[in-house]
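Student: These are the residues of each chain, in order.
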Amino acid sequence: MSIYFTKEHEWVRVKEGIGAVGISEHAAHELGDITFVELPAMGKVVKQFDMLGAIESVKAASDIFSPVSGKVVKINEALNDAPEIVNESAEDAGWLTWIEIADEAELKNLMTREQYDEYLKTI
Amino acid sequence: MNDSHYCPHTPEEIREMLSVVGASSVEELFAPIPPELRAKTFNIPPGMSEFETFARMQAIAADNGAAMVNFIGGGFYDHIIPAVVDHLSGRAEFYTAYTPYQPECSQGTLQALFEYQTAICRLTGLEVSNASLYDGATACAEAAMMALRATGRTRIVVDGCVSPFSRQVLKTYLYNQAVEVVEIAPLDGLLNRAALAACLDEHVAAVLVQNPNFFGCIEDLSPLAEQVHAAGALLVASVYPVSLGLITPPGDMGADIAVGDGQSLGNPLSFGGPSFGFIAAKKAYIRNMPGRIVGETVDKNGKRGFVLTLQAREQHIKRHKATSNICSNQGLCALRGLIFLSAVGREGVAELARLNRDKAEYTKARLAGIPGVTVVQSAPTFNEFTVFLPKPAAPVVAELLKQGIAPGVPLGDYYEDSANALVVTVTEKRTKKEIDRLAEALRAEL
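Residue numbers (full-length UniProt numbering), protein chains in the order written: chain A, 1 to 123; chain B, 1 to 446.
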């Protein structure tokens with residue numbers, strides 16, 4: 001099971017054609033206390049790097065972009081009542097959606113964890 | 001220009017400023033502007049002393065129709081403003097306050113706006129209100145934008161009985177967006193429900209109606225709300241706040257969003273402004289709402305306090321992704337609305353509304369007695385109603401204006417085949433004597 005990151009600080013963890021998607025721990029930390037997560041509708045079809053949803057913190061509202069193309073097959077409904085889960089566990093329990101990946105070849109447009117860690121040092 | 005009384009600078013100061021920028025004369029300073037684009041003259045008389053200016057202003061004020069007996073409504077209303085409204089809203093703490101971004105030094109303003117939101121929610125029967133918008137017409141357009149965002153659909157249906165001014169602002173707002181605006185022509189001064197049913201489909205984000213509508217007619221929105229919701233769209237109702245003392249609030253009739261203009265709540269007519277717009281909605285749509293919302297919280301010592309909340313969607317934070325480009329609320333005018341509602345109270349609003357309705361009913365009866373005049377009876381009305389005259393309304397209005405009576409809004413400019421129609425408005429300020437005078441003047445003119 002591999003995890004990939006975008007420059008916009010989303011991650012996707014791929015298993016058997018399904019990608020769990022979330023925002024990175026770095027992003028969750030930078031946003032501060034998260035107050036609301038706007039999740040996409042079930043069945044929504046997205047393209048890689050298109051807008052998937054939005055996250056609101058006490059400081060700002062930020063768009064979430066999809067790391068892969070595909071169809072939204074599951075959303076993390078726990079976040080409706082407890083958006084702070086994203087702060088507590090951004091890269092695990094704080095996942096946002098599951099996406100049925102349309103084209104795994106797109107993963108080459110993303111960064112590995114090592115590449116992402118290097119990238120964070122440059123920003 | 002050096003001898004002009006309107007220029008605050010002495011010739012010496014002007015020379016000094018010119019020398020800093022390296023120009024030898026004012027003419028040279030403005031040389032880059034082509035002569036044909038420069039003002040030839042500002043057409044202003046020579047300067048006057050303070051006393052002369054005061055006398056001149058008084059003369060202008062005496063000539064501006066303040067003594068006119070006013071039966072004009074159409075969205076802006078001549079209501080009594082209790083003295084407490086001017087007194088409290090004129091306090092420097094409120095009058096000079098800027099946007100309350102720093103809660104630690106803005107508690108008074110924040111509390112006032114929080115209470116304003118509460119008052120608007122109670123008045124409209126809806127769950128959330130923001131801290132006010134620019135005016136009623138833009139509030140209507142913002143409500144349409146909310147519905148587009150909330151539903152992800154692309155069409156707005158608007159009843160032709162909604163104020164033509166609001167409809168124009170709506171069209172201007174949506175002009176450059178991929179949104180279709182469908183207008184339904186009125187039927188006998190009411191929403192054409194059959195025409196609405198025919199155009200309700202999966203593309204419609206919202207149906208916009210007004211109650212009482214531009215012709216003064218009141219409709220039961222409840223069956224309409226069911227129909228609109230069944231199609232997956234939202235119902236937006238524009239309402240006249242004073243009428244809510246008597247008419248079922250839009251929220252109780254199933255509207256999802258209510259908007260309106262707050263001028264009638266303690267704000268003077270002032271030749272068209274400033275006023276404020278209000279917007280209230282079901283809680284589910286709070287994150288699609290434009291503008292700012294004041295919330296109640298506790299400070300680190302557990303004491304009650306107020307703070308701007310949900311402002312993450314506002315322009316100063318979200319920039320080009322802001323929910324709306326309306327970034328200023330009308331704090332002081334909204335405060336006047338709150339003071340008005342607080343001074344009048346729940347019972348008072350109901351009493352005020354009854355008084356308006358009763359006087360309008362008396363006027364209706366008086367005008368109906370004039371040969372050739374027909375009062376439109378298709379629905380109950382509040383303080384505003386439509387009459388058809390035996391001849392075009394505009395010249396009749398012009399004649400009555402000469403006698404110091406402004407009899408209403410002629411509809412000819414806004415609706416086809418309505419040249420003879422006149423919308424007459426009666427507020428609590430109109431006396432029986434004034435109403436009788438209107439009836440007599442109209443009878444004589446026709």
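Some clues are possibly wrong.
Chain A residues, not near chain B, derived (Cβ > 12 Å throughout) [unchecked claim]:
1. V14
2. T35
3. Q48
4. A82
Here are the simulated distance ranges between beta carbons [claimed, not checked]:
5. A:K15 with B:K300: 42 to 50 Å
6. A:V73 with B:T118: 37 to 45 Å
7. A:G32 with B:E93: 43 to 51 Å
8. A:G32 with B:T99: 15 to 23 Å
9. A:K47 with B:F42: 40 to 48 Å
Read the hints as simulated data drawn from the structure, not as lab findings. This structure is a prediction, so every number in the text was calculated from the model and none was measured. Here a beta-carbon is modelled for each residue, glycine too, at the ideal position from N, C-alpha and C.
Student: Confirm or reject each hint.
Tutor: Quick rundown of the hints versus the structure:
no., hint, in the structure
1, V14, "holds (28 Å)"
2, T35, "violated (8 Å)"
3, Q48, "holds (20 Å)"
4, A82, "holds (17 Å)"
5, A:K15 with B:K300: 42 to 50 Å, "holds (45 Å)"
6, A:V73 with B:T118: 37 to 45 Å, "holds (42 Å)"
7, A:G32 with B:E93: 43 to 51 Å, "violated (32 Å)"
8, A:G32 with B:T99: 15 to 23 Å, "holds (22 Å)"
9, A:K47 with B:F42: 40 to 48 Å, "violated (58 Å)"
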